[in-house]
Amino acid sequence: MTHTCMFSTSHGRRVALRTPVSHRVIASAAASLAAALTLSACGGSSNSEAATISLENCGRTVTMSGPAERGVTLNQGATETALSIGAQGQMAGTAYLDDTIAPQWQAAYAEVPALDEKDFPSREALLETKPDLVTASYSSAFDDKAVGSHESFDELGVATYVSPFGCKDRSKRPAVAWDSIATEITDYGIMFGRENEADAVVAQMRETLTGIEAAAPAKGKSIFWYDSKTTTPYVGANAGGPQLIIDAVGGTNIFAGLDGSWADGSWETVLAANPDVIVLADASWDTAEEKKNYLRGDPALRDLKAVREDAFVVLPFSTTTPGPRTIEGATLVAGQLGGDGA
Amino acid sequence: MTASTRAPARAATTTGTAWSVILVALLAVSCAAGVAIGAADLSIGTVVESIAGRLGIGRGTDLLTTHIVVDLRLPRVLAAAAIGAGLALCGAVLQSLTGNQLADPYLLGMSGGASLGAVLALTTGASAVGALGFGAVSTAAFLGALGSLLLVFLIATSRSGVLLPGRLVLAGIAVGQLAAALTSALVLFGDRDAAHRVLSWTLGSVAGVRWSGLVGILVVVAVTMTIVLAYSRVLDSFAFGERAAASLGTNVERSRWVLYAVASLCTAALVAQAGIIGFVGLVVPHAARMLVGPLHARLLPVVALMGALLLVWADIAARTVMPGRELPISIVTAIVGVPAFVWLLRRQGARA
Amino acid sequence: MSHHTPEIRVEDVTWSAGGSRILDRVACTAPAGQVTGLIGPNGSGKTSLLSAIARLERPESGRVLLGDEPAAGMNRREFARTVALVEQHSATELDLTVEQIVELGTIPQRGGWARPAARGTGELVTECLATAGITDLRHRLWQSLSGGEKQKTQLARAFAQRPCVLLLDEPTNHLDVSASLELLELIRARGLTTVAAMHDLNLAAMYCDHLVVLRDGRVVAEGPTESVLTAELLAEVYGLDALVQPHPRTGRPLVVLCGTTADTTERVTP
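Protein chains in written order, with the numbering used here: chain W, 2 to 343; chain L, 229 to 580; chain E, 5 to 274.
Pulled out of the complex, with its shape left as it was, chain W reads as follows (with noise of 0.2 Å):
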């Protein structure tokens, strides 16, 4: 009894206590709420009525007020597009480099604050620089381990592009091929106010193609294009940018059996195939002087014809993704493949 009667006595108290506490979490609870409000509103776009800038980028919609002020590149291909469109004084910061910016566009890189050349950067060492417009090569950029989603970015009014070819959803990406890489110089062009500069690279960029395919410097020649690795060899698949180069030099690739833009092939096709030409992709990470090394030290692939005569040739990896320098791939290629003639 004594007990039931204490229990109900503190039980009062604990109920009376609670109502002033309570009041005063929901008091401090919206005051936050209200300048977490207002903070977000002086950092994002100020006219949200009418978006003048729209596109479709990977199933979803684009908008933006106006040409982008202050976009942020999250991969080496987002930020040499943007640089190829002359676009580095719209640009508050860059990042994840996988090899060096190409020579033309370094001194336009320097104009940039590189936020992170190893990595994404955290979501807020991008928030900090204020961003209209973030863009990336991959999807993963957008993922909430890396700078966080489309959505976080959506609340705050920043505009989030993703390359087409690393769209998440696969079934939205374009097959790989000069048209679908204009349609993204193009998007730049569109984001960042700068379509007379976009038009400009694609027209050169289908002016110098239309010339090498003229020239067809490896026609008739079988091409081996060898990306990485030593036991099983990461060979260009049919799909992707080193086929892209293939084609546009006139070769034919010795895996086009393969799907998809890379792929683990096997030496005893190499072999079987015995390639004309042997193209070597360039990376920081597995360079074309160690690749050919192991060819001339191989005792089974030392006796392959472009081994011997060779016929190597090199062009750096960053050429080989499809984007604005996909192009001096081929001119690359074509140029060491004996570029006007035959």
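Read the hints as simulated data drawn from the structure, not as lab findings.
A few of these clues could be false.
What the hints assert, rightly or not - On the chain L side, residues computed to face chain E include the following (Cβ under 7 Å):
(1) Q329
(2) R461
(3) A467
(4) S475
(5) P522
A quick note: this is a predicted structure, and the numbers were derived from the prediction, not measured.
For glycine and all other residues, C-beta sits at the position ideal for the given N, C-alpha and C.
Once you've looked at the hints, dock chains L and E against the given chain W.
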């Protein structure tokens, strides 16, 4: 408990020899198949001509075809056989030593150390250094395996120099986990391609073995086989545990050291060349025991032969399942190994 | 098969583990050719003493002599051919047949470096199976045996070592009465110097000629069974209230239990 009868014990010795003969024959056929099958479409006649040509008999075939048959396929098939035999032997020895039927060659954390070494070489770009037996990656992997082994033995040895088996297994787990964490960190901070290269290596392949590497593998496995066979009765004496082994006159301390060392070094050398190939060391001893019983003089040769067979066919599958491409061999051994293991367990369970 | 079967002399053996004294200056003798029973309450050190004699544990002081020869002086294989041990529990996951297990006992004959199928081994195994009375179990798997059958198998294995001395740790532990009697009869008939740790006092009285009584790692009594097994000893060591009378048929001591001692006897605290 139901009485379970088996064939008369005397007949089992004959059965042991009979099985060995059968398995050797099967292995010879399988190796031949391995050399005849591959990404390049070569007829059996061509294959035979190539080999004959290299041996100086007949005209042989053109240079590159000969290279495919004699310098790519032959060493890798033989390597698969030797590595399969070696891993299976090490697994059998470790199972007998620890009295634990779920032991495998990687019990002592070596796979972690080897991976760490290989990843260091792969992510610092020192990977494609020639094909003369041990490239940078193989050496680094071997050193990593040795390093983790030393660490494990250090942890597991008491102050008086006695090897404590219980601590050995736990130390193996701990060191393996540490190595795995460091490996992951290296991959994470590596370049874009790092994860792919590391995964490729870790999942194992005999595709990179040429004649120079093969010789090393054959020597290692032959030495291991000799030592382990010589210790057959010692391993038998462990049937009822270490006290029983001691009371049968076995020098338990020394035997433990020797056998652990041999099994570890053999595994380390094999992993260095071919990456981490799983399930062979775990499943093959069980299957062999089912065929010829647990006494080691009879068991070990059968274990080696069955391991060799398994890996030769796993390699053939790895090369042919997806035309033009190569699967890492661990994927095949896992796909085959897991159901086989489950089946074995159920058969054993049914008799209990 | 007539080996000289020596007496076992344990001289002042002390052994500690985990900070406590397991055996404290133990001195006793197992007479040649006789069965010596090692009795005492649980934890008195019976298994440890057997382990010390079997060289499975190294005492920190004292020594064990087999006849005149120090046990520690023999090499391992020689010792394994001299002393055979049957433990309380033998367990294996392997699918070994009885025959294979008995053959394990021949390992000390030729060591770990030779193949098992030597001439003469088969005959020895057959003989040991027969002696242990398990010839019909020859091809049975260990896992399918009953407790008694397992003990007999381990005994046959011990016989296959052709030992001069037999050590047994609670050999009748999981056996029913008739199996126990069979086993102990086998052991006595063998005629080797035997030391057997026993928990059943009447079985010890029936089959042991000599008794060593342990408590808290010390020998509290030793001697022929008749003189050691007294009601006073039982009360002092086991806390039992019992009568010890001559067995009506055999004349050997027969322990008749009445209960436990109600009053606390003066005991030496450990």
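**OP:** Please write out, lowest number first, the hints stated earlier that are contradicted by the structure.
**Re:** none
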